[in-house]
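The residues making up each chain are set out below.
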Amino acid sequence: MKNTLKVVLGAAALGMAVAAAHAGTLEDVKAKGFIQCGVNTGLAGFSAPNDKGEWTGLDVDFCRAVAAAVFGDGTKVKFTGLSAKDRFTALQSGEIDILSRNTTWTINRDTALGLNFGGVTYYDGQGFMINAKKVPGVNSALQLSGASVCVQAGTTTELNLADYFKANNLEYNPVVFEKFEEANAAYDAGRCDAYTTDQSGLYAVRLQMSAPDDHVVLPEIISKEPLGPAVRQGDDKWFDIVKWTYYALLNAEEAGITQANVEEMKSSANPDIKRLLGVEAETKIGTDLGLDNAWVANIIKATGNYGEIFERNVGQGSPLKIARGVNALWTKGGLQYGMPVR
Amino acid sequence: MATQDLGLRQPAKESLLYDPKFRSLAFQVVTVLVLVGCIWWMVDNTIENLRRSNISTGFAFLRGRAGFDISDRLIEYTSDSTFLRALVVGILNTLKVAAAGIVLATIIGFLVGIGRLSNNWLIRKICTVYVEIFRNIPPLLVILFWYQGVLAVLPQVRDSYSLPFNSFLNVRGFFLPAVIWDGAFLPSFSWNGFLPNIDWSPVMAGRLWLIDIAILLAIAMAWFVVRRARQRQAATGQQFPVFWTSLVLIIGLPVLAFFAAGAPATLEFPQKGTFNLTGGANIKPEFLSLLLALSFYTASFIAEIVRAGIQGVPKGQTEAYSALGLRPGTGLRLVVIPQALRIIIPPLTSQYLNLTKNSTLGVAIGYPELYSVGGTTLNQTGQAIEVVVIFMVVYLSISLLTSLVMNWFNAKMALKER
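Line by line, the protein sequences are chains G and V.
All the letters of the first sequence, read from the start, carry residue numbers 3 to 344 under our numbering.
All the letters of the second sequence, read from the start, carry residue numbers 61 to 478 under our numbering.
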């Protein structure tokens, strides 16, 4: 009986230890030596494995940037592919440290789900795609009355779709899939007349179709979809690191610091650049954040600035060829505005 | 000396550790305490963690607006309905596919099971191959096989296969003419606080109540005929064609009532619209593939259970009814099957439960059953624990109810010693 008691007490102590170990994500991450990052299982341009089996994409690079800020090494990150449905549970339960999976920032997710969004890495909007060969003569979403629409379960897309058709008094049949790949396959097989997701996603899906040229993205954008990385609420330190990694990427682009010139920029006379790269005398910016003072330099060395990440993954340097548009810097007429690092 | 010996043993008895009664009691108390402690710790830890991560809790979210649409539904539902109603739509879809699947699997299972005992070499081998293929493939693959392998390669809407009675078959499923009744067969219910509010007007419209009464009357009369025929056979030995009489009653009376009510129904045929065939009834490919997959998969197990059941009846029984002069068909029905059922029913119950639970795999092909709708609800509200609790309660209830019915049936079929 004494043994039984010991076991019970041991189990209880272990339980308390498990509960207590949840204190700070930064400490946890440093202790285990890498960041666990939740990404999409396969969305070209945002997060998809390349032909060598390495994860690539805008969402993936953001996690690498955070890893570079924390460890000075952008490779110290492991990726977990998540469906839209599993993603929040994975973050809430602590299975992942950061969710960077084309996730729309909404008030419900920010409050009731207990998340915090670290910024908007991609301003998107929901659109529709149809197969022009199979349904000729459709050039507006308003002509979709009576159509079957493929959509992914548990997304804001699913809700916007219902609202849009209701607001315009259109009939439709939703065909709802849990996984992105299943929805793609069903649309390609002709199960649905139209496919709906964020516009960036539509361009990516289009490339995966058996005959990409048959598919047309309709002009309507029916919603605001600000996509960004999310972390658990109640861990301000970790939230700050994610948030400022994003701003650092933007400020670096604004200051013209690139992966190629980051070393020589360190000797720049410009005080803004010196402060950003942590070469200002007696600087405490990085250490106040709980990081190394060279954190921005490390980020840029690992992934390049925001503009470089964008062009490489979804912009002109990628098969998607999406224009910067609203995702340009505020100085160039876009919405991307990095808070000052000082 | 004897008394002194007893006196010496007395102190040894005082150590309770060696008292078997005390020991068994103590171990049980400790087990219960450990169990309660573990559960308490789990619940406490969950509540604490939820509080710490700022996630709202409770079942109040069920009253919120769902906001998403469900295409396959048995009751009225729009995106303005509540999450609760969405879950009810899911539960009804689960019950629909499970009930249809159980019927279909039982029919196929019995046919194949009997086929495996056939004297015909070809039938026997075909049935064996069927069983070996379907019971050795995971059910998810069977579902994907039907969905992506069979139904997804059907023609597009504009090239639909035309079937008799203005029905069509294409990649969007089966399109059949629908019967539109001028009313409803059941009164509509709504809850007015705690009191049910019953509205009989849909039953009165189109005089559908005539058909309702005809159906009830036919069942009552058929039951009466069965009773009288049994009594007569027991008294005089004369037989009466009970089956055919009941069939005529149960089909004939409602049909008569239908015309007496002035044929209160119209047929609606599927029409070609811009995108889909509109109007009529549509059996969606998601439902169809899930139903076929679950039935074919479970039928392979049922076939084996049926075969074992029939082979479990001693050969002497067959020889006995032959000796009594019963024909093979009658003998099979009256002697072998009742005895085989005693062996078949208990494992059959497990298969029915499996089928119901396997219906959750419909999520892979977008069939909106409880698990799929609940998953969407979970994701839109973030109430993971609450939704999982609902899952467990609903599936447990369905399973327990199925068990209850099957146990009752089993008790009815069990050997009654007189």
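Be aware that one or more of the hints could be misleading.
No more than 30 Å apart at the CA atoms, straight line, and that leaves these computed lysine-lysine pairs for DSBU-like [stated by the list, open to error]:
#: 1; chain 1: G; residue 1: Lys323; chain 2: G; residue 2: Lys286
#: 2; chain 1: V; residue 1: Lys332; chain 2: G; residue 2: Lys87
#: 3; chain 1: G; residue 1: Lys87; chain 2: V; residue 2: Lys417
#: 4; chain 1: G; residue 1: Lys286; chain 2: G; residue 2: Lys32
#: 5; chain 1: G; residue 1: Lys168; chain 2: V; residue 2: Lys472
#: 6; chain 1: V; residue 1: Lys472; chain 2: V; residue 2: Lys156
#: 7; chain 1: G; residue 1: Lys136; chain 2: V; residue 2: Lys472
#: 8; chain 1: G; residue 1: Lys181; chain 2: V; residue 2: Lys417
#: 9; chain 1: G; residue 1: Lys181; chain 2: V; residue 2: Lys156
#: 10; chain 1: G; residue 1: Lys135; chain 2: V; residue 2: Lys332
#: 11; chain 1: V; residue 1: Lys156; chain 2: G; residue 2: Lys168
#: 12; chain 1: G; residue 1: Lys78; chain 2: G; residue 2: Lys303
Among the chain V residues that face chain G by a calculated CB cut under 8 Å, a handful are [unchecked claim]:
#: 13; residue: Ser116
#: 14; residue: Thr117
#: 15; residue: Ala120
#: 16; residue: Tyr137
#: 17; residue: Ser139
#: 18; residue: Val423
No lab work stands behind these hints: they were computed from the structure.
Where a beta carbon is used, it is the ideal one built from N, C-alpha and C, also for glycine.
Here is how each hint holds up against the structure:
Restraint check for lysine 323 (chain G) and lysine 286 (chain G): the C-alpha separation of about 40 Å exceeds 30 Å, so the hint is violated. For the suggested pair lysine 332 (chain V) and lysine 87 (chain G), the alpha carbons sit about 35 Å apart, so the restraint of at most 30 Å is broken. Restraint check for lysine 87 (chain G) and lysine 417 (chain V): satisfied, since their Cα atoms lie roughly 20 Å apart, inside the 30 Å limit. Under the criterion of a C-alpha separation no larger than 30 Å, the hint pairing lysine 286 (chain G) with lysine 32 (chain G) is consistent with the structure, at around 20 Å.
Taking the CA atoms of lysine 168 (chain G) and lysine 472 (chain V), the gap is near 53 Å; set against the 30 Å cutoff, the hint is violated. Between lysine 472 (chain V) and lysine 156 (chain V) the alpha-carbon distance is near 26 Å, which keeps this suggested pair within the 30 Å criterion. This hinted pair does not check out: lysine 136 (chain G) and lysine 472 (chain V) have alpha carbons roughly 58 Å apart, beyond 30 Å. A C-alpha spacing of about 21 Å is found between lysine 181 (chain G) and lysine 417 (chain V), which places the hinted pair at or below 30 Å, so the restraint holds.
Of the supplied pair hints, the one linking lysine 181 (chain G) and lysine 156 (chain V) holds, its CA atoms being roughly 24 Å apart against a limit of 30 Å. A hinted pair counts as satisfied when its Cα atoms are at most 30 Å apart, and lysine 135 (chain G) with lysine 332 (chain V) qualifies at roughly 18 Å. A distance of roughly 28 Å separates the Cα atoms of lysine 156 (chain V) and lysine 168 (chain G); the hinted pair therefore holds under the 30 Å criterion. Taking the CA atoms of lysine 78 (chain G) and lysine 303 (chain G), the gap is about 14 Å. The hint holds against a cut of 30 Å.
Hint status for serine 116 (chain V) relative to chain G: holds, with the closest Cβ pair at about 5 Å, below 8 Å. The closest approach between the C-beta of threonine 117 (chain V) and any C-beta of chain G is roughly 10 Å, which is over the 8 Å cut-off, so the hint fails. Interface hint at alanine 120 (chain V): violated, since its Cβ lies 11 Å from the closest Cβ of chain G, which is beyond the 8 Å cut-off. Given hint, tyrosine 137 (chain V) at the interface with chain G, is violated; its Cβ is 11 Å from that chain's nearest Cβ, farther than 8 Å.
A cut of 8 Å between beta carbons decides the hint on serine 139 (chain V): the least distance to chain G is about 4 Å, and the hint holds. Because the smallest distance between the Cβ of valine 423 (chain V) and any Cβ of chain G comes to about 5 Å, under 8 Å, the interface hint for this residue holds.
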